[in-house]
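Dock chain B against chain A, hints included.
Here is how the chains run, residue by residue.
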Amino acid sequence: MSIHRYAVNVTPKPGILDPQGRAVEGSLDHLGIEGVSAIRVGRRVEMTVDAADEPAARAVVERLAAELLANPLIEAYAIESIGGIA
Amino acid sequence: MPVRIGVVVFPGSNCDRDTIHALALAGAEPVALWHEQASLDGVAAVVLPGGFAYGDYLRAGVIARFSPVMRAVAGFAGDGGLVLGICNGFQVLAEAGLVPGALLRNRELRFLGREVTIAPERLDTPFTHGLAANGSLRMPIAHGEGCYFADPATLDALERDGRVLFRYVDPDGAPAAEDDRAANPNGSLRAIAGVLNDAGNVAGLMPHPERAAEAILGSEDGAAIIRSLVESAARAANPVPAAVGTR
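In order, the protein sequences belong to chains A and B.
Read left to right, the first sequence gives residues 30 to 115 (my numbering).
Read left to right, the second sequence gives residues 36 to 282 (my numbering).
Okay, chain A solo, but in the shape it has when bound (with noise of 0.2 Å):
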């Protein structure tokens, strides 16, 4: 068995109103910052995974994020590897 860890980005689908990105991208004008748009709020969900290897590892992180981390009809998700122990 080995020890993974993962990061699941889940981040709201292109064309997808995102009223919180619009919430953070009106509070610019009050921090005097300029040039800064097309703000996405998204989330981040880590995790452990205790599998056989990493592929399986993956495949667990795949399905959690799929069925259960991101509504495909409104979001997309990227898993990204945040280091493993053997």
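Misleading hints may appear alongside valid ones.
Far from chain A by the CB rule (all over 12 Å, computed), these chain B residues [what the hints assert, rightly or not]: (1) 113; (2) 148; (3) 208; (4) 273.
With beta-carbon atoms standing in for the labels, derived distance ranges [unchecked claim]: (5) 106(B) x 80(A): 23 to 29 Å; (6) 60(A) x 145(B): 18 to 24 Å; (7) 90(B) x 61(A): 34 to 40 Å.
A few chain B positions that, by computed beta-carbon distances, are all more than 12 Å from chain A [as the list claims (entries may be wrong)]: (8) 77; (9) 167; (10) 173; (11) 253.
Keep in mind that the hints were calculated from the coordinates and are not lab data.
Quick caveat, the model's predicted, so the values are computed rather than measured.
We put the CB at the ideal spot given by N, CA and C, even for glycine.
Relative to chain A, chain B alone:
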């Protein structure tokens, strides 16, 4: 004998008692169904009530979707059983894929607790047959994620197939414009407030009929939706024999 209608209770449901009360007023025998039970106790219809199931963590409704009772509800719905999701219940149905679309965060981000006006698009469904023709209905909304979303092809299909059950309407009773924040406060696409599944036995809506089900609540407009469901469930539980003696 009154028809038995189940009301699912998730941890975080907060409209289950209101819904049970409204169903009893409409003549049903409400049955609370705990989220951990895998059977629906033989009820003739199921209501998923409002609230914040499992704290609405991750996304509204998504964790509830994987509860044992929802597996039973999905099977019941697949067999043609009547299921109505109200507010958080609608979000659970959408996450479970039992009705099309998704409920996004309200366009202006705020949680909205106020009255809206909706109108039924169809009066020939198990959920609306008791409603008055061309009548608009006043009832409250109370949600942070009620902005109905589906891709344009799905929206077109819903309209074409008559699966838009309720729409937010303006004071003249006309469908609200998408950007009309007074009439369509959460910014729902095409001002959709409620939808049907393709078989027509599962419905979800964001407004709360059970909070507008008796005069003391300021509106009785929601009672007709609850009564429609109760009558439909009673018919489903005791179907009229089509032709006695032909067996």
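We went through each hint and held it up to the structure:
The Cβ of residue 113(B) sits about 19 Å from the closest Cβ of chain A, beyond the 12 Å cut-off, so the non-interface label holds. Distance to chain A confirms residue 148(B) as a non-interface residue, since its nearest Cβ pair spans about 18 Å, more than 12 Å. At roughly 27 Å, the least C-beta separation between residue 208(B) and chain A is larger than 12 Å, which holds for a residue marked as non-interface. No Cβ of chain A comes within 12 Å of the Cβ of residue 273(B); the nearest lies about 38 Å off, and the non-interface call holds.
A hinted range of 23 to 29 Å holds for the C-beta pair residue 106(B) and residue 80(A), which are about 26 Å apart. Restraint check, residue 60(A) to residue 145(B): a C-beta distance of roughly 22 Å satisfies the suggested window 18 to 24 Å. The beta-carbon spacing between residue 90(B) and residue 61(A), approximately 37 Å, falls within the hinted interval of 34 to 40 Å. With a closest Cβ-Cβ approach of about 30 Å to chain A, residue 77(B) is found to remain outside the 12 Å limit, as its non-interface label requires.
The Cβ of residue 167(B) lies farther than 12 Å from every Cβ of chain A, with a closest approach of about 34 Å, so its non-interface assignment holds. Non-interface status of residue 173(B) relative to chain A is upheld: no Cβ of that chain comes within 12 Å, the nearest being about 26 Å off. Every Cβ of chain A is farther than 12 Å from the Cβ of residue 253(B); the closest lies at roughly 29 Å, confirming the non-interface assignment.
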